[in-house]
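Following the hints, position chain B against chain A.
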Amino acid sequence: MTDILDLEWKVSDEAVANQVGGETVILHLGNGTYYGLDAIGTTLWEGLKDGKLPSEVCDQILAEYDVQRQKVEDDLRSFLGKLEEHELVENS
Amino acid sequence: MIAPTGYSISDYGEMIVCEPRMSTYVEALKQAVTPGCTVIDIGAGFGVFALLACKFGAESVVAIETDSSIELLHELAQANGFTDRITIVRDLSTNFTPEKKADVIISDLRGTVPLYESHIPTIMDARERLLADGGKLLPQRDNLRIAMVHAADAYRPAAAPWSPSKFGIDLSAGRRFAINDSSKEYLKPDTFVSDPVELTTLDYRTISDPNIDCTVELTASHDSEANGLLIWFDAEIADGLTYSNCPGEPELVYGQMFLPLSEPIQFKRGETMRARIRAMLLGADYTWNWDCEVRDPGTGAVRHTFRQSTFLREVHVPAELQNGSNLRVPEKTAQMDIDRDFLDLVGEGRSLGDIAEALSKKHTAQLPTVEQALDHVANIMRRY
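Read top to bottom, the protein sequences are chains A and B.
Heads up: the first sequence begins at 1 in this note's numbering, then just goes up one per residue.
Heads up: the second sequence begins at 93 in this note's numbering, then just goes up one per residue.
The following block holds chain B by itself, in its conformation from the complex:
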C-alpha cells in the first residue's frame, strides 16, 4: 500500500549512513536470516536490505518497491552476484502474492514517526498474507514518546509571519492555520519542559488498528514556558537491537515531530498539562489532533484549553469537497471526453504517438498540438 516515495538515490544514501539506524537493522537482519530462508523487503528503495539478506545467506529475496529507484537493484544484484536470488516487484506489497511466504520481512516505512501514510496497514497486511508462521518482522516494535518543549525556532513559523509586520499589513488570519501545522525538528534535551512519557507502543507483531487515541499527563520539570509538544519513537528492530531519535541521541533521518501550542504557556515546576493525542489515518495520510488542557493547581479551574489538528492547517473550501460527496451529480466536461476517447483507443495496437495525433485532431481546442496531446496521454498513462 506504500505509494511512490519521492526519495532520490541520494536520500537512500543518507539512510545507509544514518547511524545507529543502519547498523541496528543490519545486525537484526544478520541474526534473523538463516541459510535457505526467504526474505521480503517492503519499501525496498534501491534494495540495500535485499542485497544484505543475500549476503547473509537468504535463498530467495523479494524486493518490493513502487518507486523507480528499485530499477538500480538489477545492476547492484549483478555487481554482487545475487541476480539469481533476488526478485524485484515494482508494485505495492498489498498487490503482491508470494509463491512462498517469507521467513523474514524487513521494512522501514516510517516518516518522522511510524504513524505515517499507509505504514501500519501495509505491515498488518504483510503480517497476515506474506509472513510464514513463526516468521520475523523487522522492526518488531516502536515506542512513541512525548514531552512538552520550549523551542523558539520550531515555533517561529507558527507565530512570526502572522504578527504585526514591518510592512504594515494585517496577516493575523493566517496564524490559525500555521499554528496547526506539525514540523520535523532536531531538538536538544535542553528544550524539554517536562520529562518524556510514553505515548503508546506499536507492536507490529500484533497491531490491528492504524489509529491511536492516547491521553497523557505531562508535568513541568522546572519553571519554564512551553510552546509545543514533541513526539518521537524508540525503535526495537529485534530483541535487544534498538535505537532512538530522542533529543540527545545521535540525529537520525527521522527527526522528531513538533506540534505547536495555540499559545505559549508559562509553567511552574510540578504543574501539569493533560494532552489527548489522536492520530487518525484518513485517506492517504494521518490527521494529528492534540487537545491540551491546563488547570490551575490551586483552584482546579481550567486555565488553558486548546483543540488543535493538522486538519486545520489547510484552507478547506466546501465546494471543493463536493467532488468526493456521494450526493454529487457530476457534469461531463470536455476533459472527460478526451480521457474517454483515449481509453477507447488503448488496446488497439496503436502507439501513444498515433493516439495523441488522433486526439489532437478530434479535440483541437483543448489539444491544439500533437505534443500537447502526447503530454496529456502520458499523464493519464502514469495513473496506470
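Just chain A, same shape as in the assembly:
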C-alpha cells in the first residue's frame, strides 16, 4: 500500500484558503466550516497547492526546522488524514 506521503493530492474545489502572517484560514464552501493552519500546516498546504508530494514538503520542513524525520512524517500523515477527512484535499 502506498504511503499517503507519496500520493499526489489536490486542494478540494470546496476549499478556499486565506494566508496571512504565515498562518492559513480555510473555508469549506460546502458546509461553511472554518479551519486554521499553523506555520507547518501552511507549509504543507502551500506545497500541495503547488503540486508537490507530501514527502517533498517533508524534506522542505526538515531543511528549515531542527526536527526528527520520523516525527515530521508522522505529523504530516496525521495532518493529511485530517485534511482528507474534512474534504479539504483529495487524491488527484
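Derived from the structure by calculation, the hints contain no laboratory data.
Note that this is a predicted model, so its numbers are computed, not measured.
Do not rely on the hints blindly, as some may be mistaken.
Said to hold, decoys possible - With a straight-line Cα cutoff of 35 Å, these simulated DSBU-like cross-link-like pairs (lysine-lysine) come out:
{"id": "1", "chain 1": "A", "residue 1": "K10", "chain 2": "B", "residue 2": "K192"}
{"id": "2", "chain 1": "A", "residue 1": "K49", "chain 2": "B", "residue 2": "K192"}
{"id": "3", "chain 1": "B", "residue 1": "K192", "chain 2": "B", "residue 2": "K276"}
{"id": "4", "chain 1": "B", "residue 1": "K360", "chain 2": "A", "residue 2": "K10"}
As the list claims (entries may be wrong) - Covered, in the sense of this in silico footprint (three residues per stretch, anywhere, with C-beta under 8 Å from a C-beta of chain A), are these stretches of chain B:
{"id": "5", "segment": "335-346"}
{"id": "6", "segment": "397-406"}
Yeah, the Cβ is synthetic: ideal placement off N, Cα and C, and Gly gets one too.
For chain B alone, kept in the frame of chain A given last:
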C-alpha cells in the same frame, strides 16, 4: 430573519423615486390586492407598500420591520386614515405568526443582487408560514444575468493602491485581498466584453435553496481586455410587470455587482471564459466565489485560471476564529462578570440607572463612573 437595515428615511425616499422600480411594484400591488384581502409587507421600511395596500382596498395590512424607521408608519397611517387597518410588527418576520395568513406578501429585501443576507430564507419562511393557499408573492421571480466587462474605474481599487507608488513603499501584499472584493457599480453597455447570459433564476414561489452553484460560458463579442464579471438581475414582480438593472436600463437603487479578475485578460472575438459562480449563505451574508478558466482556442491548453472569493478579501486570523470553535474552552473575564451581574439585576423592578450605579460600585476598575456603567448596560440592552 432580516435584521435592522441601517437605511435612513432619506434612503427609503430614494427607493420611492427609483423608477421604474416603484411604479412596477405599485402596479403589481394594485393588481394583487382585492377588496377585503390581507397583505403582509416584509422589510417594510417606513411602510410605503403597507399604505398603498390600504389605499388599494386591503382590509388588513401587517408591516414587519426591525428598523426604527417603521415607527414613522404610525404617523403616516394616521395622516392617510389607515390606522385601523395597519398592524406594525417591529421584529423579524420569522418570529411573527399571523392570526390570518396573507393573500399578498410584498417585499424588496435585495441588496445589489437578490442573494443578499437572509433574503431567500426569509421569503422561503414567509411562503410556508405566512402566505395563504393561492396567495401571491411580490416579487415572484428574479433572473440573474452575467457578462464579462472591461471597467477601468471599477477595477481601480483592486489594482492601483497596491501598485508601486510614488511614496516608495511596497504595498503589493494588499492586492490579493483587494482583488477579491466585490463592488456596486453602475456600468454602461460599452463596458461589455461578452454578451450577457443567464446565470440562474430565483423563483420565489418554489425556491428551496438559498445558495447557487452555476457554470456559464462567456464568449467575447469583440477583441478586448476583460477585467471583471458583472452580475445583475431582471425582476419579475408579477406576470408582465418587470424591470431590469442591466447596463443601459435606467439606473436603479440596486446597481450591479462587479467581481474583479485576478489579472486582466486579453480576448479575441469568439474566445470564451468558463466561469463557475457560487454564492453561499454563510452566517449572516453571502460569500461569492468565482472560478474562471480561459483556454487557448487552438491548443485547448489552460491559459488563465483564477479561483477568487469574497472570503479572501478579509484578513482572517486563526486565533480569532477559535471563538466560534466547538473545541474552545473559554475562560471567564471581568467583562463577563459584569454582564452576568447585570442580567441578574434585570427583572427586579430596578431602573437601568439603579442597575448602572450598582454595577459601577461593584466593578469600579472597569466601570469607574455611573455614566460608563449606563453606556455599558445600554449596549447590552440593545442585544435584547
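Is the hinted pair K49 of chain A and K192 of chain B satisfied, with a Cα-Cα distance of at most 35 Å? violated (56 Å)
Holds or violated: the segment 335-346 of chain B covered by chain A, criterion of 3 or more residues with Cβ-Cβ distance under 8 Å? As far as the segment 335-346 of chain B goes, the hint is violated, because 0 residues have Cβ atoms under 8 Å from chain A.
Taking only the CA atoms, is the gap from K360 of chain B to K10 of chain A under or equal to 35 Å? It holds: about 32 Å lies between the C-alpha atoms, which stays within 35 Å.
Under 8 Å between beta-carbons, do enough residues of the segment 397-406 of chain B, three at least, approach chain A for the coverage claim to hold? holds (count 5)
Between K192 of chain B and K276 of chain B, is the straight-line Cα distance small enough, at 35 Å or below? Violated, at about 39 Å.
Within 35 Å, alpha carbon to alpha carbon, are K10 of chain A and K192 of chain B? violated (54 Å)
Checked against the numbered hints above, the structure violates hints 1, 2, 3 and 5; every other hint is satisfied.
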